[in-house]
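Protein chains in written order, with my numbering: chain A, 390 to 502; chain B, 2 to 117.
There could be a bad hint or two in this list.
Have a look at the derived ranges for each label pair, beta carbon to beta carbon [unchecked claim]:
id : chain 1 : residue 1 : chain 2 : residue 2 : range
1  : A       : T403      : B       : S62       : 45 to 53 Å
2  : B       : A98       : A       : T403      : 40 to 48 Å
3  : B       : E11       : A       : S475      : 17 to 25 Å
4  : B       : P117      : A       : R419      : 39 to 47 Å
5  : A       : N445      : B       : K17       : 40 to 48 Å
6  : B       : Q84       : A       : R452      : 26 to 34 Å
7  : B       : T21       : A       : T403      : 41 to 49 Å
8  : B       : P117      : A       : G451      : 46 to 54 Å
9  : B       : E16       : A       : T442      : 45 to 53 Å
10 : A       : T427      : B       : R51       : 20 to 28 Å
11 : B       : F55       : A       : R404      : 42 to 50 Å
12 : A       : Q407      : B       : Y65       : 38 to 46 Å
These aren't lab readings, by the way, just hints derived from the structure by calculation.
None of these values were measured; they are calculated from a predicted model.
Don't be surprised by glycine CBs; every beta carbon is placed ideally from N, CA and C.
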Amino acid sequence: KAGVTQTPRYLIKTRGQQVTLSCSPISGHRSVSWYQQTPGQGLQFLFEYFSETQRNKGNFPGRFSGRQFSNSRSEMNVSTLELGDSALYLCASSFGQITYEQYFGPGTRLTVT
Amino acid sequence: AQKVTQAQTEISVVEKEDVTLDCVYETRDTTYYLFWYKQPPSGELVFLIRRNSFDEQNEISGRYSWNFQKSTSSFNFTITASQVVDSAVYFCALSEARNAGNMLTFGGGTRLMVKP
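Take these sequences, add in the hints, and give me the full structure.
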């Protein structure tokens, strides 16, 4: 079974631009979560989708948004990029609805200049 | 609010030594789950274990073992006879059932370096 895939793997953007990251979960998994990892703040939860509905949202500004499609694939969007948005963005998928183990993708390394 | 603390930011051991990674958590939920993940240099988080709050039995998987103690709110991870391939950052995480989802709260991580 293929793992979680994320595209692109690396991205360089300029301040003020917007970016869209994509995540394809493991086949059969309907829950997709997004996390931001930075050296200063560590791993922080962004949001989670299950069956196209956002179930939980972390403490991030409205510039961070996401969606999930009917095939469970998910995208996250960051508008008006700031230097502090430079991070590794990790996507995770899970089979179950609540507190199941999550399987992570390799991440997208976003650099904002 | 939930919180996970990994007090050891970095540990260095010599191959074949045993090493224990500490994890202390805070939660007001009575039903919760604890996890350990490994993040090798490649960056991808690898799932190691999931335990629920009602199961305090210790678990052993090969060279890995976990000790869950609700009385001290700890979920420690021990690697026996460490190997160079164990070098990675290890994260402990908590998920509360009342969040009705799979949201994880991570600790800050412990970087383990195993020297040959």
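Check your understanding: Taking each numbered hint in turn, which are not upheld by the structure, reported in ascending numerical order?
Key -> 6
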